Amino acid sequence: MKTCHTVKELRAALKVERLKDNSIVFVPTMGNLHDGHMSLIRRAKKEGKVIVASIFVNPMQFGDNEDIERYPRTLAEDQVLLLENGCHYLFAPDALEVYPDGKRSQTQIEVSGISNILCGASRPGHFIGVSTVVTKLFNIVQPDVAIFGSKDFQQLKVIENMVRDLSSNIKIIGEDIARAEDGLALSSRNGYLTPAERTIAPSIFESLLNAKEQIQLKEKTFEEISEQAQKKLEEIGFTRDYFEIRSQHSLQKPTKDEKNLVILVAAYLGKARLIDNLCITLN
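Sequential numbering from -13 applies to the sequence shown in my numbering.
Source of the hints: derived by calculation from the structure; they are not laboratory data. This one's a predicted model, so the numbers in the text were calculated from it and none came from an experiment. Among these hints, one or two may not hold up.
[As the list claims (entries may be wrong)] When the alpha-carbon atoms are kept at most 25 Å apart in a straight line, the in silico DMTMM-like pairs for lysine to aspartate or glutamate are as follows:
1) Lys(-12) to Glu63
2) Lys32 to Glu146
3) Lys157 to Asp50
4) Lys122 to Glu230
5) Lys218 to Asp168
6) Lys122 to Asp53
7) Lys218 to Asp138
8) Lys257 to Glu205
9) Lys257 to Asp168
10) Lys35 to Asp162
11) Lys89 to Glu33
12) Lys(-6) to Asp80
13) Lys245 to Asp138
14) Lys35 to Asp130
15) Lys157 to Glu192
[Said to hold, decoys possible] Label pairs and their in silico Cβ distance ranges:
16) Ser236 to Gln214: 21 to 27 Å
17) Leu203 to Thr60: 40 to 46 Å
18) Ala62 to Glu3: 21 to 27 Å
19) Ala62 to Gln214: 42 to 48 Å
Note that the Cβ used here is the ideal one computed from N, Cα and C, for glycine as well.
Produce the entire structure from the sequences given, and follow the hints as far as they go.
Right, dumping it as structure tokens:
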């Protein structure tokens, strides 16, 4: 695996691959990799010839009250993991390489309609940072296919809409959520959990499964199901952010005839903000 730290170096390497007519599959990450990320690499190997990953802790998607310096950086360990799982190129730039004039003078990309709800409401400007950096990375790598985890369901929808709206010739694939044996979605932020909090954390997935059962019973409104779920999470130690039942397609509140739903939850447990989701199709 070749690690590139500059745009020039990566473009030169990938130019050689394109001359060989090799398809390029891209997996963008912020590092501190785990098996959830490796599931994306494994999926990438099924989709194309050359696998490119990136590790970049993007300052544009961190708010003023979020400590970017606290985000774990484990480049050496990540390189080993990527190599073992068949990645061919790693792009690991610093902030100056991605934002040479600083993030505040950077042209920004905003996907209207779904960037300011749910996680976007809790973290203002977050999805502008996401869509901007992903656009830049797409322009640098110029992949045929890009793989994203569906744990960040709203992020996946933002990127799908962005690619469609900008007429980008990139196939976006959302890979299924990788989970621990107890159901907790794998996440770099799980490392913030204390041992005691880690035993509680799987309840966030249990709340989704319970909400799915309640939806299928059709005995309560979506609002009642959501409020009940949030209260139960609070009782066992979570601090609520949101618990919502939305349309899979638009992420808006579903109409009464909506069949394809997604249940989304975000809640704080100690220092960790955990998110998860579960899709459901009604008969």
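The hints, checked one at a time:
1. For the given pair, Lys(-12) sits about 15 Å from Glu63 by alpha-carbon distance, which is consistent with the 25 Å threshold.
2. At most 25 Å may separate the alpha-carbon atoms for a hinted pair to count; Lys32 and Glu146 meet this at roughly 20 Å.
3. Annotation: proposed proximity of Lys157 to Asp50 is violated, straight-line Cα distance about 33 Å (limit 25 Å).
4. A C-alpha spacing of about 31 Å is found between Lys122 and Glu230, which places the hinted pair above 25 Å, so the restraint is violated.
5. At most 25 Å may separate the alpha-carbon atoms for a hinted pair to count; Lys218 and Asp168 meet this at roughly 19 Å.
6. Note on Lys122 and Asp53: the hinted pairing holds, with a Cα-Cα distance of about 23 Å set against a maximum of 25 Å.
7. As the CA atoms of Lys218 and Asp138 are separated by approximately 23 Å, the hinted pair is consistent with the 25 Å bound.
8. Between the alpha carbons of Lys257 and Glu205 the distance comes to roughly 35 Å, so the proposed pair goes past 25 Å and is violated.
9. Only pairs whose Cα atoms come within 25 Å are accepted, and Lys257 paired with Asp168 is accepted, the gap being roughly 21 Å.
10. A threshold of 25 Å between alpha carbons decides the hint, and for Lys35 with Asp162 the separation of about 21 Å falls inside it, so the pair holds.
11. The hinted pair formed by Lys89 and Glu33 fails the criterion: a straight-line CA distance of about 33 Å is larger than 25 Å.
12. With a C-alpha separation of about 13 Å, the suggested pairing of Lys(-6) with Asp80 holds against the 25 Å cut-off.
13. Between Lys245 and Asp138, the direct Cα distance comes to roughly 21 Å. Compliance with the 25 Å bound is thereby established for this hinted pair.
14. Between Lys35 and Asp130 the alpha-carbon distance is near 10 Å, which keeps this suggested pair within the 25 Å criterion.
15. Between Lys157 and Glu192 the CA atoms are separated by roughly 32 Å; this puts the pair beyond 25 Å, and the hint is violated.
16. A C-beta distance of roughly 24 Å is found between Ser236 and Gln214, which places it inside the suggested range of 21 to 27 Å.
17. The hint said 40 to 46 Å for the Cβ distance between Leu203 and Thr60, and at roughly 44 Å that hint holds.
18. Between Ala62 and Glu3, the C-beta spacing of about 25 Å keeps the proposed range 21 to 27 Å intact.
19. The hint said 42 to 48 Å for the Cβ distance between Ala62 and Gln214, and at roughly 45 Å that hint holds.
The structure does not agree with the numbered hints 3, 4, 8, 11, 15 stated previously, though it agrees with the rest.
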